[in-house]
Amino acid sequence: MSRLGSWFKAAAPKPSAAPSPAASQVDLTAYEIAMIEDAMASAALIMNDDIDGAEEALRKGGSTFHHLGHSLCVFMRSVLGFEKSIMVEASNRLNDCETMAWNDMKKAQKDAGGTTPAPGRIYPPGSEYALILAEAQLMSAVVAVLHESLTEAIKGFYKLRKAFVTLDGLMQAEEAYLKSRGLRTKGSRESVRSLSEKQPDRSTDDGADDDSDLEFVDASEAPTGPKTPLNYEGHLSKDIDPEEKLAELSLNGNRKNALPNQPNVQSSGFRSGPDSDIFSNPVDIFIHSGTNMCFGILLLIISMVPPAFSRLLSIIGFRGDRERGVHMLWRSTEFNNINGGVAGLMLFAYYNGLLGFSDILPNDEDIRKGAIVGYPRERCANLLAKMRVLFPDSGLWRLEEARMLGNKRDLHGAIKILKSNAASKMRQVNALNSFELSLDFMYVQDYPGMRDNFLRCVELNDWSHALYYYLAGCAELENYRDAFHAGKDEAAIRTHKKKAEDLFKKAPTVVGKKKFMAKPLPFEQFVSRKLQKWQERAKALSVDLADAAGVSPAQEMTYLWNGTKKMGTADLERSTRILSWDRLTAPEKARASIRAEADERAVQDVCMAAVLRNLGKHDEARKILQEVMAIDRYVCVSTPVVPSPDPSDTQTPYADASARAVFKGATKDDYPPAAAHYEMAVLAWIGVQNPGLRETAPASGSTPADDGTGTGTGTPQREEEWRRKKLDECQAWLDTLSRWETFILDARFGMRINSGLDTIRWYRKEHGWATE
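Taking my numbering, the leading residue of the sequence shown gets -4, the next gets one more, and so forth.
Calculated from the structure, these hints are not laboratory results.
Quick reminder that beta carbons are idealized off the backbone N, C-alpha and C, glycines included.
Heads up, some of the hints might be wrong.
Per label pair, the in silico range of CB-to-CB distance [to be verified]:
1. Glu583 x Lys720: 43 to 49 Å
2. Lys584 x Arg314: 53 to 59 Å
3. Gly611 x Lys55: 47 to 53 Å
4. Glu360 x Gly507: 43 to 49 Å
5. Arg314 x Glu454: 37 to 43 Å
6. Lys659 x Asn358: 24 to 30 Å
7. Ala661 x Arg422: 25 to 31 Å
8. Thr490 x Glu615: 36 to 42 Å
9. Tyr26 x Arg156: 55 to 61 Å
10. Ala113 x Glu454: 25 to 31 Å
11. Ser175 x Asp614: 43 to 49 Å
12. Gly507 x Asp723: 41 to 47 Å
13. Thr490 x Glu583: 22 to 28 Å
14. Asp577 x Asp723: 27 to 33 Å
Below, a list of computed lysine-lysine pairs in the DSS-like style, where the Cα atoms sit at most 30 Å apart [unchecked claim]:
15. Lys364 x Lys760
16. Lys493 x Lys534
17. Lys493 x Lys483
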């Protein structure tokens, strides 16, 4: 038995022929704590890429805590690998776990004589089993939504609702207890609201854990029950610079030199968390860290769903809260146990995933002021260094380190880490690593590497073979175009062309094998339409399939994954050349026909605009985007479009009743108009954060230093007017997008829209410009 379990066992009274009721209760409490600790320590092996070891250890225990850990093992396999058979196993095991947790919860409530917390206890009797029930329901809901059955998905939302209610009840119990003692946590509703309304006196992204985690409020009544122990163990270690922490870790995950004051991975985490003087009971710590992890995930996920879907969820009682959810996840990471590890993974998925796709975000100065919607780089680096030490054999954390480098525009550094991270004991982690490596190769235009790694994804993962084959084909198409325009090696030209066509032809044969809520995956729909478009074009123009492709499909996918945000200047400059129409390989007449297609031109325009924006060429990007929006019926008042004065003018796009039809149809690309609006919103946001740009575009008849009002553009008054104008412009674009009609990739843009609107709300509140 571990150290903590032995300590509790030693504290239990010696067995007797007729133990007293009190002694029996102590025995039961010690047993429960030992089971929690053993299950938590075993489950923590999951975070170290040792699911097999975790399962083996958890099978030895028969408690509900062990059953939850075993269910978590199967759940992690299912969501990391998207394999149907494992999802079915996970669903069955989670259903069994729900039943066990429900029975144990009712038994605990019966033994305690009710549901009122005992004196000095934070949570009602049976809360530890209520948490397990909610965790099982939450995992069941995720598996159900990922399942291909709409009926299962509906059942999943029902379970999600039950988990939401349970977790909210646990948080209310915690808040009530802390309020009675004159305290509140940052995860509470009141605390989050107060934090967003006040200006912090110091930076909050330094990664340090301090006593501000608990804030003092007026107590509703004198505290009752036994005094809480005065030992305080949550903030004893001294912070080390996060870059130094990561530098101390080798690429294979082993420590070059042991870092001081780092917790042991085998620790249960019971006595290493924050606020140990409040959460001193191991059962309370299990509930506290688990509730913050689970409820934080729920609040965050619900806040990120597309606008139309979020309105539907609010009707049935789901309301996300990104700020509160993120605070709760950070709070859970302060415990060195499985709950903290899962919370850390979710935070990295949020920061390196969602925010990695987003562009309208607070800058570093705003984050230092407490903008929760931003990316706290230093705090994330601290968390990553901690997790790398806690779980040194895990490839998941090295994957997140690579993603962090990508977000710093160090793709080559990210690739170096990912190449060395391909030997995890978990096939699912290897699949994630290979997919990330494939994307990074695509961003740096290493097309042989991109092709090989997407083909490896086919071997490692069942998520979307159609997308993998298509992306491998896109890479091979660029190899073909390179060889074609080099014109020196006919054998290489033929080889690359044939490989590209073979991969493109393979993709449709596996489309539809994976579904989401009984619907095809959006990217698989995108692939099907794109390939059908090329096949019809090839037939109409009498060219081969590889020659019928239009603007670089690899660059288009780079845009859709927002890879331009991660690219360095040299890679961006090369992208402008790869996006050129001169890269096409069809005969001249066929090229002209391809270029004449309005939706094809629009794809090239939005991709080029994103590249130019990231190169700092904002005016050029804006000019290109206005050409796209001139076709669209949703036009901002700042860019008026008039009917064409010359009906014979077929070169310049003008808005008319039929113009929108160019984006409609079974094989048309329908996302460029929405993408153009999003890009215009990003350009407006750049203006908000860089008022100096106003000097490059003075109003007609005035100069940057004198605009006719007697106040130059550099004065605080004029700067504020500029910021407010650009902020209103940014919100206008996003508000239009939030009401946009359905298109294939609308969910992908919806996440970016939500992040942008959250950022704008924070910015208005921060500057006292709130409209509500």
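Status of the hints after comparison with the structure:
1. At about 46 Å, the beta-carbon gap between Glu583 and Lys720 stays in the expected band of 43 to 49 Å.
2. At about 57 Å, the beta-carbon gap between Lys584 and Arg314 stays in the expected band of 53 to 59 Å.
3. The supplied range of 47 to 53 Å is broken by Gly611 and Lys55, whose beta-carbon atoms lie about 60 Å from each other.
4. Hint check: Glu360 to Gly507, Cβ distance near 48 Å, so the stated range 43 to 49 Å holds.
5. For Arg314 and Glu454, the Cβ-Cβ distance of about 42 Å falls inside the hinted range of 37 to 43 Å, so the restraint holds.
6. The hinted range of 24 to 30 Å is not satisfied by Lys659 and Asn358, whose Cβ atoms lie roughly 39 Å apart.
7. Between Ala661 and Arg422 the C-beta distance comes to about 37 Å, which lies outside the given range of 25 to 31 Å.
8. Checked against the hint of 36 to 42 Å, the pair Thr490 and Glu615 passes, with Cβ atoms roughly 37 Å apart.
9. Checked against the hint of 55 to 61 Å, the pair Tyr26 and Arg156 fails, with Cβ atoms roughly 33 Å apart.
10. Checking the proposed 25 to 31 Å range against Ala113 and Glu454 shows it is violated: the Cβ atoms sit about 55 Å from each other.
11. Against the hinted window of 43 to 49 Å, the Cβ-Cβ separation of Ser175 and Asp614 comes to about 60 Å, which falls outside the hint.
12. A hinted range of 41 to 47 Å for the beta carbons of Gly507 and Asp723 is consistent with their spacing of about 44 Å.
13. For Thr490 and Glu583, the hinted distance range of 22 to 28 Å is satisfied, since their beta carbons lie about 25 Å from each other.
14. In this structure the hint that Asp577 and Asp723 lie 27 to 33 Å apart at CB is violated, the actual value being about 40 Å.
15. Only pairs whose Cα atoms come within 30 Å are accepted, and Lys364 paired with Lys760 is accepted, the gap being roughly 12 Å.
16. Only pairs whose Cα atoms come within 30 Å are accepted, and Lys493 paired with Lys534 is accepted, the gap being roughly 17 Å.
17. Between Lys493 and Lys483 the CA atoms are separated by roughly 17 Å; this keeps the pair inside 30 Å, and the hint holds.
Comparing the model with each earlier hint shows violations of hints 3, 6, 7, 9, 10, 11 and 14; every other hint is respected.
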